[in-house]
Amino acid sequence: MKFALTTTALALVLGIAAPAFADIRIGATLSETGPAAFLGDPEAKTLKMLVEEINAAGGVNGEKIELIVYDDGGDPNKARTFATRLVEDDEVVAVIGGTTTGTSMAIIPVFEDAEVPFISLAGAIEIIDPVKPYTFKTPHTDRMACAKIFEDMKKTGITKIGVISGSDGFGASMRKQCLEIIGEYGIEVLADETYGPTDADMTPQLTNIKGKEGIQAVLNPGFGQGPAIVTRNYAQLAVGLPLYQSHGVASDGFIELAGAEAAEGVRLPGTALLVAEILPENDPQRKVVTAYKEAYEKATGKPVSTFGGYAHDALRILVDAIVRAGSAEPSDIRDAIEATKGFVGTTGTVTMTAEDHLGLDLSAFRMLEIEKGGWKIVE
Amino acid sequence: MPELLQFLLSGITVGAVYALVALGFTIIYNASDVVNFAQGEFVMLGGMITFFAHAAGLPLPLAALIAIIATAAIGVALNKLAIEPARGAPVVSLIIITIGASIFIRGATQLIFDKQLHRFPAFSGDQPILIGGATILPQSLWVIAGALAIFFCLWLFFTRTLIGRAVLATANNRIAAQLVGINTNYVMTLSFAMSAAIGALAGVLVTPITLTGYDVGLALALKGFAAAMLGGMGNPKGALVGGLLLGVLEAMTAGYISSQYKDAAAFVVILAVLFAMPQGLFGRKSTDRV
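Listed in order, the protein sequences are those of chains B and C.
Going left to right, the first sequence walks through residues 7 to 385 as the working numbering numbers them.
Going left to right, the second sequence walks through residues 3 to 292 as the working numbering numbers them.
Source of the hints: derived by calculation from the structure; they are not laboratory data.
Hints may contain errors.
Claimed, not checked - If you want a taste of the chain B side facing chain C, the calculated C-beta under 8 Å gives, among others:
1. Ala234
2. Ile235
3. Gly259
Just so it is clear, CB atoms sit at the ideal spot from N, CA and C, and this is done for glycine as well.
All chains, full assembly: derive it from the sequences and hints.
Okay, here's the thing in structure tokens:
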């Protein structure tokens, strides 16, 4: 209560002090270094690039954006310190960030207490379920990826599958969420194997799956090197059944790691950003993803990633909300974000409501198949 | 029956990777009683430098050679800049220095190279070799051959060469070694160069199987260290047997019991062995004169 009072007092001071600096201050705490660096790094680069672009084009509502980025290194404690600093010292009007689920969950209370809108870039459904008034997120949830995969299996008549998942946070969480909804699709799991995130060989687990009678396909929820090794071992053992990977490895890097030959025919749910070049001309997302991809690759010289796309969508949604609100007051921005409707981003088309602070549906995912070292849309 | 064979081949593949890392621990340990926790980083550097040299257009063998030489140089630098200045410090302090060095190398690698995972092509293609209904990749044979070759060279080095015996003497009693005319500084530098080179060679051999990235060293070092402890620290034969045993144990547990308990089962066996034989399977008995 005392904290809430202090922050209300602070908000009052902020209200009076705001006209002194005309800039719109947006904060971010991202994991630019540390174990989640490969997520946080493209996110930070994307935010900096877009803010420059927006300011060069005259800013928002005639005011320039001032972006304040902190690197929390993936440490929830540090993230919490930076979140408090963003609210109390930097007096930002909104915050983007929380690269990982861990850092996001740690800083949500800070923004809820201070009543500052917060858009998370992490995957877990817990961030927006139950709905908290000031918390939003842009990446689709693992459960949506499971649903997309099961829909595809159902379409091809697959009813009995084997699951091999990584025992790391991502793999374990996605396995759990897939198993929660699998019954709705009438699919049965006949074998359920796991592997460690740094394991070098998964042939024993795959041999067991291969030996089970009646399995029609194999699903591998996982992240990092595991799925690439599973794919290679799968080809080595000549299992010969359809292999489904998760959105966790939806990148060109995965094909490179697994090898085009071993990855042939692998299916996975990915975003439009990954297949920008082969999207049909009339696809609503084509313009957005192509523009972002070109700008990012020109600015950084590195291939674009889904994770940078999350940051892109977060900032665009935020800017869009500030324009519609016609004000840079945190509570006005919050209301405008919640009213986001038909916003086309890199991850999908976003329509938020008071009950849904993510606003994506299954059409955000494209079912992709790897063909001759490239991607093919199979819908 | 093909299942058993497949589990065994998988275990040998993984075990040979562990053995290669474990072999790298032996030289520095023999020269100084220091367990070098930067050994996994040497393995990582071998893979990363080879990948980037190869990606820059160099042929794979040349890229591998550059990686091994560069890593050996880094090993020498580690000894000269961090270990030698702390010469008088107790062994525990030196071990902590190597942990610091491993964190430093990891950080520098992610800045100089990148934070992505990488792989370069296997030496003799990806066509699996069929053995009685089970399969093994040609690259696994390279790893096994590499582990055997390094083991043999180390065995020759420690038992048949004067300099190898000088390394053992330095570990035994540094002052006595100096008194009989052994240049102990040179021995330390040499042992770091050799350990780093062996680590890098391991990295070159295993990357097509395990993939590489700036942070793979830690996991490899832990498993390699466990293998070395199981076999007996400092004994090349122990490193080889310990590595293979650990790999086969993991594969059999994953295959017959449950993949969930794979690591746990391996470590329970290691604990049981160390209870009965604290020096490991082939470790030398330490006898102190009182």
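Verification of the supplied hints:
With 8 Å as the threshold, the beta carbon of B:Ala234 comes within range of chain C, its nearest partner Cβ sitting at about 6 Å, so the hint holds. Satisfaction of the interface hint for B:Ile235 is found here, the shortest Cβ-Cβ separation to chain C being roughly 7 Å, below the 8 Å cut-off. Using the Cβ-Cβ criterion of 8 Å, the hint placing B:Gly259 at the interface with chain C is satisfied: the shortest such distance is roughly 6 Å.
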